[in-house]
Structure formats: C-alpha cells, structure tokens
Amino acid sequence: MPDNGEALTRRTEDPRQTEGSRRTQDPGKQARSGEGSAFVLSRGVVLLFAVACAAAVANVYFSQPLLVTMGHDLAMSPALVGSVVTLTHVGYGLGLFFLVPLGDVADRRRLIVAQLLLLVVALTVVAAAHTAAILLAGMAATGLLAVVTQTLVAFAASLAPAAARGRVVGLVTSGVVIGILLARTASGLMADLAGWRSVYLASASLTALLALVLHRVLPRHSDAPPTALPYRQLLRSTLTLFARERLLRLRALFGLLIFAAFSTLWSSVALPLSEAPYFLPHSAIGALGLIGVAGALAATAAGRLNDRGLSRRTTGIALALLTASWLPLAFTRSSLWALVVGVILLDLAVQAVHVTNQTLIYALHPDAGSRLIGGYMVFYSLGSATGAIAATSLYTVAGWGAVCALGAAFSCLGLVLWAFTRHSTPAAPAAKANSRSEACAFSPSVE
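For the sequence shown, the working numbering begins at -5 and goes up steadily by one.
Don't read these hints as lab results, they were simulated from the structure. This structure is a prediction, so every number in the text was calculated from the model and none was measured. Quick reminder that beta carbons are idealized off the backbone N, C-alpha and C, glycines included. Among these hints, one or two may not hold up.
Cβ pair distances, simulated, as ranges [what the hints assert, rightly or not]:
no. : residue 1 : residue 2 : range
1   : L111      : S328      : 34 to 40 Å
2   : G395      : Q227      : 46 to 52 Å
3   : L206      : L61       : 28 to 34 Å
4   : R210      : T415      : 42 to 48 Å
5   : A127      : T386      : 22 to 28 Å
6   : A188      : L411      : 44 to 50 Å
7   : L284      : S329      : 14 to 20 Å
8   : S328      : L183      : 28 to 34 Å
9   : A69       : G393      : 30 to 36 Å
10  : I128      : R302      : 49 to 55 Å
Please construct the entire structure, taking both the sequences and the accompanying hints into account.
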C-alpha cells in the first residue's frame, strides 16, 4: 500500500456542476466527508480551523502555571492540586477514544458546535468552582471536550482536495502547536492581571464565539451516512483499523516516540532554569514557549513536502534533527543560546513528523478519518505521559544530563525505527489534482 494511501484519492466536484447533477451523487458520502459538495475550502476557513484548534487545545494546558494559586484559593493539598493536571489529561485521553470517532458517523459541523458549547459549560464550571470537587470535575470535563481539536483536524482533512491535503493539515496543526505552547504564557499573564478564574472565563467567551462562527461558516450536511455504525461497533472498529493497517501502527509508534521526546523537554525544562545560575521567574520560563512557536513553521512546510510525495524523506530528516537537538539542549545550564537552538530544532522536528503522520493515516480511509486521527492521538497521549513522568523523576535523582540522555534515547529509537522500515514502506507518490476545481479549491486568493 502506498505510504499516503493516495490510491483512495477523492474527486472534488467542479463548482460549475449543475444543481441537478449534484443531486445524483451519493448523499451519504456528502454527509460523511464533504465529497461532492460545492463548499470551497479557502485559506480563511483553514485559518479559522487553526484558531479553533488553538483555542480548544489550550484549555488542557492553562492550569499548569496556575496550580499554586488554585490550591491556595480552594484550600487544596499539594497532592490534590497535582491531580488537576492529571484529571485533565485523563479526560482528554478518554475523549480521544470515546468522542472523536463520532466524527465518522455524525454530522461533523453539528458535532463540533455541540462539543464547543458543552466546553463553554465546563469552562464556566471551572471558573465558578468554590470547592475542590467541583474544580476537579470541571477540569476532567474540560479535558474530555477539548478533543474537539481532533474532530476539527479530521474535518479539515476531509474538506481538503487530495493535492492540498498536506498543506491544510499542516496549517491546522500549526494552530494546535501555537495553542499548546502559548497556553501557559497566556494563562500566567492573565492570572497576574485578573486572577486565575479570568483565564477560564475568557476562554469560555472565546469558545462560545468560535461555536457561533463555525456554525455559520462550516458546510451543512443534513443527510446521515449510509454506513452508520452502532456506537459499540464504532469503537471496536477503531481497534480493527489498527489490526489491519500496518502504516497506522507504524505512524502511531512514531507519534508515541516523538511526543515522549517533546514531553521530556517541556515537562522538565523549568527545573534547571529556576535554579542556579539562572533563577528565572515563572513568567520568563513561560515565555520560552514563544521560541517553540517556530515549530508551527515546520507544520506547514511538512504538509507541502507530503503533497509532493516526500513523506518518507521528510520523516527521516526530521527524526535526525530531533536526535541532534539534544546536543545543544545538554548545554542548557551553561548557555541559554544553546537552549534556544535546541528548542527550535526539537519543535521543528516533532511537528514535521506529526503532520506527516496525520496526513498519511487520514489518506488510508478518509471515511474513517476521525477514528484514525483519534486512535493515533491516543499514542500521542501515551508518549506525552511517559515522557513527563520519566523526565521529572529522572531529574530528581540524576539531573539535567540524564534527562537529555532520555530525550535522545526516545529520538534515536524513532530514527532506528524509520531506518528499519523505510524500505518496507513505499514512498508516497505526489498527490495530483483530479479536476480543475480540486487543484484550485484551496487557494490564497479565494476568500
């Protein structure tokens, strides 16, 4: 099977097609993936997807610089305060498996709007919480509903013409990158100005606005897909996809390893920076995320390379850069410039592999895009959790050098896996437009 599954490339309808001929097409397919619809995925709509993804995923990370303040406000023990982050990520992991697959059998526009409105409720509960129990319940619900990010990614991929799918996924993923990296900085600044509750009130307001805009902008599909599955069978089919698709399993392993390396850095880098010789304040450490935003550039570039059929080469180069990034990172204690170089290299590499992974696995079965993306992101969560737990524990007993060795080990494993599988997985052919409308459906000039 080709690396990007482009044998399953879809045709996008020519906008000049008559209304009568549109009615002859399969309404179920239109409902499921936007095929045959006259909807044009302009750059403005893609940027809207990216903004919505950034706003949704940021809710998972807002709490990290606010834990001490939350604990004092609600008289929570240190152990209980730590569970705020844990429950948020547990909720997110559950949402990946139980909610994201619904995008394959439900109207994605309605599903996205409904999840965003429920997320508004969860964020309001967090902002108004006056007991630890209410706060923890609200944070778990926030994590559960923040997986709307992955439904947005799958929806954007389904609307994109095959010839531009990599670019679209790259642009939308850049929003995810920015949301993750800037969440801590934004929440810390807002909390200093107006208290920690203002962070969640502001997020609830933005989420409500995005729900309204997406409701008006996204294409409407009133027909139910003809292959609708019962919910239990839908969840079981996610596991079946992993059993059948070797490319999915391989890309999921890449995802686990790169995000283990990513989390190894970002979960522990504050520790050496808050100690001698730097003694940096939390606001300065949080600003480090601004440097990591450079990784968003890699998301778009990787998408373009995938559209040209260079997914295998992109993966290998990115994994080599990821491995090399730990060399300058190892000199963090003696040079902040070394840290900056290492952060840029690491984020560029991680996002390049991540975008390549999502582009390739979606193309395997576009009609199961939500299940593919959701299942893949479960491995992302496992990798992130593994890296965070291992890095913080290792720093306590062995220091920053051991943390860098751990990150390099995760990165080397990914590079070795690529080296051993690159010949058994054919290189992806460049995607080609199937019609004039597909070639120009995603155009900067079309707004």
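Comparing the hints with the structure gives:
1. L111 - S328: 34 to 40 Å: Since L111 and S328 have Cβ atoms about 50 Å apart, the given range 34 to 40 Å is violated.
2. G395 - Q227: 46 to 52 Å: For G395 and Q227 the Cβ distance comes to about 50 Å; the hint holds.
3. L206 - L61: 28 to 34 Å: holds, 32 Å
4. R210 - T415: 42 to 48 Å: Since R210 and T415 have Cβ atoms about 44 Å apart, the given range 42 to 48 Å holds.
5. A127 - T386: 22 to 28 Å: holds, 26 Å
6. A188 - L411: 44 to 50 Å: About 47 Å separates the Cβ atoms of A188 and L411, which means 44 to 50 Å holds.
7. L284 - S329: 14 to 20 Å: holds, 19 Å
8. S328 - L183: 28 to 34 Å: holds, 29 Å
9. A69 - G393: 30 to 36 Å: Holds, since A69 and G393 (Cβ atoms, about 34 Å apart) stay within the stated range.
10. I128 - R302: 49 to 55 Å: About 51 Å separates the Cβ atoms of I128 and R302, which means 49 to 55 Å holds.
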